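Peer 1: These are the residues of each chain, in order.
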Amino acid sequence: MINYDLAEEQQILRNSIREFAENEVRPVAEELDEKEEFSLELTKKMAGMGLFGMFIPEEYGGSGMDYISYVIAIEELARVDGSTAATAAAGNSLGIGPIYYFGNEQQKREWLPGLCSGETLASFGLTEPNAGSDAGATQTAADLKNGEWVINGSKIFITNSATPISAIIIVQCRTGTLDKGKSELSCILVPNETEGVTAKEMHGKMMWRSSNTGELYFEDVCVPEKNLLGKRGGGFKQMLSTLDRGRLSIAAMGLGGAQGAFELALKYSKERKQFNRTICSFQVNAFKLADMATEIEAARNLLYKAAWLCDQGRPFGREAAMAKLYCSEVMRRVVNEAVQIHGGYGLMREYQVERFFRDQKLLDIGEGTSEIQRIVIARELGCFE
Amino acid sequence: MKILVLLKRVPDTEARILINQEGTGINEQGVKFVINTYDEYGIEQGLRIREQVGGDSKVTVVCMGPGEATELIRTALAMGADDAVHICDPALGKPDPFTSAIILAKAITDEGFDIIFCGKQAIDDDMAQVQSILAEMLDIPQVNVVAVFELSDDGTKATVRRRIEGGDEKVEARLPAIFSCEKGLNEPRYASLPGIMKAKKKEIRTKTLADLGFGEVPGGTRSRVLKWLPLPKGAECRMVEAEEMKDAVAELARLLREEAKVI
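Chains as they are written, first to last, in our numbering: chain A, 198 to 582; chain B, 2 to 264.
Worth flagging that the hints you see were computed from the coordinates, not collected in a lab. Bear in mind that the values here come from a model prediction, so they are computed numbers and not experimental data. It is possible that some hints are incorrect.
To be verified - Selected chain B positions facing chain A (Cβ under 10 angstroms, derived; list incomplete):
no., residue
1, Arg75
2, Thr76
3, Leu194
4, Lys201
For glycine and all other residues, C-beta sits at the position ideal for the given N, C-alpha and C.
One chain only, chain B, in its complex shape (with noise of 0.2 angstroms):
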């Protein structure tokens, strides 16, 4: 079985964010980039399946990002997977989720799959839409949000759990398809000493948009961002605080009508 999992290099979640001078994006320096969270989860539920149905199966890792992106590529080998896509070509910049996707296709289609994993988003723009714009593209399947996921003894079809606002859904689907996923999905594993020595041997096969056919970025842009703005500062939170819980309450009063003026 074939399997691919798309990762992305995103901002560590405790990395001090701020805005470029210019305003065209976050200002890079000093900033830890690590693996999309959400994919994490995918390489280790694609290493469970390769686990799980044993044989000549295969995980391979596909990501699209900047030369740096290799040491998080080599991580997910790390971690255990076979091998590794890396789209990288200077030409790309920050593309849009459409342009990302028809890249991606491209790229997954040359590979061949039975089963992609992704994050259910990434965490830095959030956008969540490559996963969807890659199924109809590749003409697959799609779920998101996927919490537990179990293949079917036959390896044919998945049957798995979604989340959804106050419960989950359970749903099948026949393979080929692609399964978004989310937190609490699995618990992935971490990069042992031996998983990193065996890691350095493995292959990432690093493809410019040439290499995939493209002669210029493709898809045109749908979507532009004109301006990265910082988040407005929030007004400081104020304590009433008294012995007694009446004497707070009428404080909190006075202060809403006299100062906030908004009773």
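Bound conformation, chain A alone (with noise of 0.2 angstroms):
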């Protein structure tokens, strides 16, 4: 049996997480991404609203929703800005997310209630310059010395890791040599406030200017060996899992992004004269708005699918790679035809559809490049067997 009604509550979420979006976020978005500023009081009026641990039960400070509930969440906010919808979509998968899953009665205790208030962030320090889609490639240490973990590396393009109330570093990093000469990793807490630990806020990015992306030092960083997250050498696994889970968020900011346009363009179309006719009219853009609205349809049904398993407690990571490389590509296509029919004028800043535009390349690169997610695909498909 299928049944494609959302819950009364997910109705409800989708309504008042619409209307935040619209009345707090769509009226500072163009001016923050011009600025290249990430804001906090954004950030504190999303965690108002609940929007960090979504997932989280109430007892660790969290709301308890479903992952249908979050994608929705995140749907919306990228519906009207991407930098916004990606705040809380790294702050929840990838802050908040391993500490939840992996971590320790005590380090959940201690980190999640303030990471749900929004008073933290937490990141997750995975990419490194030489170490991208080849993540097993880490070259970050840590050492075990008179029990504590003594750091040394370095991360680069990570989310809300430089904010002034970044708290957390998910750190992956090379904890040994398993045989065959491949790297053992291991995930690690570092608190920022940790001596020896540089984040820096990177700038001249082409999207998500608004978002937080930092580049971090680590020299000589010594935490306690209890920080370790989960198991010693689990580092892989966590990472995978962490970007399953994220791939649900990242294909939601493909899906609200490629709303986001398409509504734009819809209705720019429907006002726009030329010929004396509104250019809706026009066969060649009225084709063009219902391929947009097939494509978003299917993308959103393949992406709830994908978080209804998650839900169910089934194996999601298909799917989700599905979701994730679909939707980004939806959104490809969809943004590039809303500057079309936006004409010059979707050139222009002020016209919203070219900050969509720039914003939706993250989604091919960003949480493994859409080619990372054909090889998922092609794994599940049996072809490098």
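Take each chain as given, in its own frame, and dock them per the hints.
Peer 2: Below you can see the structure in the form of structure tokens.
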């Protein structure tokens, strides 16, 4: 049996986040993007809505919602602004998620309440200058000496890691060597304030300009042995599992971004007149809009199914990869046509689609490139056996 | 303190409203319904009064509407209201303001109250009558179009400002009383995620006409809608443009004389 109706609370959530995004985010999105400025004020407002710790149980300060609700919330933020959605998506999937799923009780009690209330932000230190898609090539090293991890190395493109409230970094480290020369990888919790940690805000981004992106340096950073997240050597698995869930939220950003750009294009095409007709009444544009609406609908169904599988506790990695890939690419086609429909105005910042056009590009690259998603899906198909 | 807030389910202001073929109402297909905007100010004011007074104060939402209205009632609960009464009966149809007031008055009397808040009008049919008829039936003071609300420290009266042409009127009312809210009274809060989760456990008491002691729809038919008609299509606006203002004026005069034939 298939039921496409959202639960009542999911519908209320969508309405509420849409209202929030329209009233609180849309008026400031353009300016923050132009200034390439992370907004602490907006982050606090999101926290006030309960947008951090959405899928975390109430006992740790979360809202105890399911993944479909989480996806809907990110979708609604991305419908208005990619950067804002990124702050929430990374905060939840990459910051809060690993501590909740892999942390011990003490670590959860120590970090989750602050993170869920939005007092602090956590970041996931995975990517390095020389370890992108090849995450196994992590060079940042952690040596256990006298009951302390001594960490040296650097991370790059780490979302939410260099804000005034960034408090904790989950650092993927090489903690040893396995047979065949492979690295033993482990995640270690490193508070931002630890001596030897430098977090530098990265600038000059094409997209997600008001989301915070940091470059991290670790120089003889010492943290207690108990800061290890989960088991020693469990880092790679934790990373894969975190990214599976993360893909749901990145897909939600593609879906929401596509929806937002589509709505702008539809509205504009109904108002703009050329040759004494609204431009949406020209078949060449009407068909574009019909295709956009169709692809968005398909993307939404694919993503909600992946989130539903996740909520059911069933395997969802394949569907998450498909949804991330498809939603990103649907958004790419949609923003492209949305700018086209806007004509010359579409190239101007004032018309918003310009921002959506730029923001889309990250989705083809972040949290596993589109090529990596295709590898994940093809592997599931048994292509590489 | 017991605070009641009246809530009506109405079409979204941004919805595309089309009259149905029979002319008996609007075509509801694909139309999003929302809490009447002015009622939202009532909900927010109720919550603020509860926060101000504290103790065992309680905000109860009262809504008369179809089954689909539960989503909106639940939204009010997610904003922070404590519980709700949902008057829902297929026999109701679209009651006129007098009938609505009779039914609401019964439900309200059953609930008991110290203050009632509602919107100054519903943004669907814009009758703006129910609150006044209710005040008469309940025999309590009414103050309409309230833009500022202050409760006295002892909680026995309210000093409010109501918007009138060209200014405000300051009014003092002894409680219990009914206040209809105007835009600007406050900034309604959003339903937060924790609020949405809490609302799932809050009680909505559904009442049929029979539950309220009515054998049939009360009030007779004081007014009857004969037919719904779309707005007449307005004439198209034409801009008269010219380099020099005097040329534009001359052209406008020519158009008025020769085409519109009004001068």
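Peer 1: Would you mind marking each hint as holding or not holding in the structure?
Peer 2: Comparing the hints with the structure gives:
1. Satisfaction of the interface hint for B:Arg75 is found here, the shortest Cβ-Cβ separation to chain A being roughly 6 angstroms, below the 10 angstroms cut-off.
2. The beta carbon of B:Thr76 is positioned within 10 angstroms of a beta carbon in chain A (closest approach about 5 angstroms), and the interface hint is therefore held.
3. Interface restraint check: B:Leu194 against chain A, minimum CB-CB distance 3 angstroms, threshold 10 angstroms, status holds.
4. Hint status for B:Lys201 relative to chain A: holds, with the closest Cβ pair at about 6 angstroms, below 10 angstroms.
Hint check: no violations occur; every hint is consistent with the structure.
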